[in-house]
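Participant: Kindly generate the complete structure, drawing on both the sequences and the hints.
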Amino acid sequence: MKKSLLVLSLLFVFFVAPITGQAASNPTVTYQSSLQKSGWQSWQSNGKTSGTTGQNKRLEAIKLKISNTKVNGNIEYKAYSQKQGWDKTYRSNGTVAGTTGKNLRMEAIQIRLTGDLAKKYDVYYRVNIPQYGWLGWAKNGAQAGSSGLSFQVEAIQVKLVKKGSKAPGSVTNPFHNGTKKYVDSKGNGTIKGSSAKIFHLPGSQYYKQTTKPIKYFKTEVEAVKAGFRPAK
917 MKKSLLVLSL
927 LFVFFVAPIT
937 GQAASNPTVT
947 YQSSLQKSGW
957 QSWQSNGKTS
967 GTTGQNKRLE
977 AIKLKISNTK
987 VNGNIEYKAY
997 SQKQGWDKTY
1007 RSNGTVAGTT
1017 GKNLRMEAIQ
1027 IRLTGDLAKK
1037 YDVYYRVNIP
1047 QYGWLGWAKN
1057 GAQAGSSGLS
1067 FQVEAIQVKL
1077 VKKGSKAPGS
1087 VTNPFHNGTK
1097 KYVDSKGNGT
1107 IKGSSAKIFH
1117 LPGSQYYKQT
1127 TKPIKYFKTE
1137 VEAVKAGFRP
1147 AK
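Read in the numbering used here, the sequence shown has 1070 at position 154, and its numbers run on one by one without any break.
Source of the hints: derived by calculation from the structure; they are not laboratory data.
Straight line, CA to CA, 16 Å or less: simulated EDC-like cross-link-like pairs of lysine to aspartate or glutamate: (1) 1075 with 1038; (2) 981 with 1038; (3) 1078 with 1032; (4) 1079 with 1032; (5) 1113 with 1138.
Facilitator: See below:
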C-alpha cells in the first residue's frame, strides 16, 4: 500500500505538477476603459467586453497590462482620439492611452506585443462602433476602429492566443477608413447603396447580390452622410 502511494506521489510530481505550473504561467491580458460620464470601469480580461453597447457612450481612454507570465516582453498600445489624433508614443504597463477629462471620443486603437511575448503569442482585439457594431478582429499592431467618420469606440475586447493559432472570430474589416475612395477606372464611385438604405463595399458579402443599387458612392463618409447604413 505504501509503495503504491509512493508511486502515485511520484507520478503527480513528474506529470501533473509541471502541467499545473505551465497553466499558471500562461500570460493574461487585462484592460480598463474610461467611459463617458462614468469614468474608469472595472478591469476586464481575456476577451471580455470593456465598455458598453447600445447606450451611445464613448470610450475616452484605455489601459492595458500583462500579468501571470514569466515570458520576457510587454504589451504596448496607442489610441486615436478626437481632435488629438494618434498618441505620439506607444503606452505600456497600465499607463493611459487616449484622453481623460476632455470629453473627447476614442476612435481607433493599435495594440502590439514585444520581446519573447511577441514570438510566442498573438494579440487580437476588436471594437464596437456606432452603426457598424462589432468590427472584425485586428491583430498585432493593426488599426481597429475608424477614421474620417467621427464614430466613437463604445466597447473593446482583447485576447491573447498562442502564436499562429486561430483567431477568436472574423477578421474582416477591423478598421474603416471613411475617406478611402472606391472608384472605377473612370473615377466613378463603386460603393453600392441599396433600396433598403444599406451600402455595400466592393468585395463585401452581399456586394455582387446587390444588382439594382439606387445610388453609388465614392467613400463611406458620403454614404453615411446620405443616410445609408453599413451592411452588417
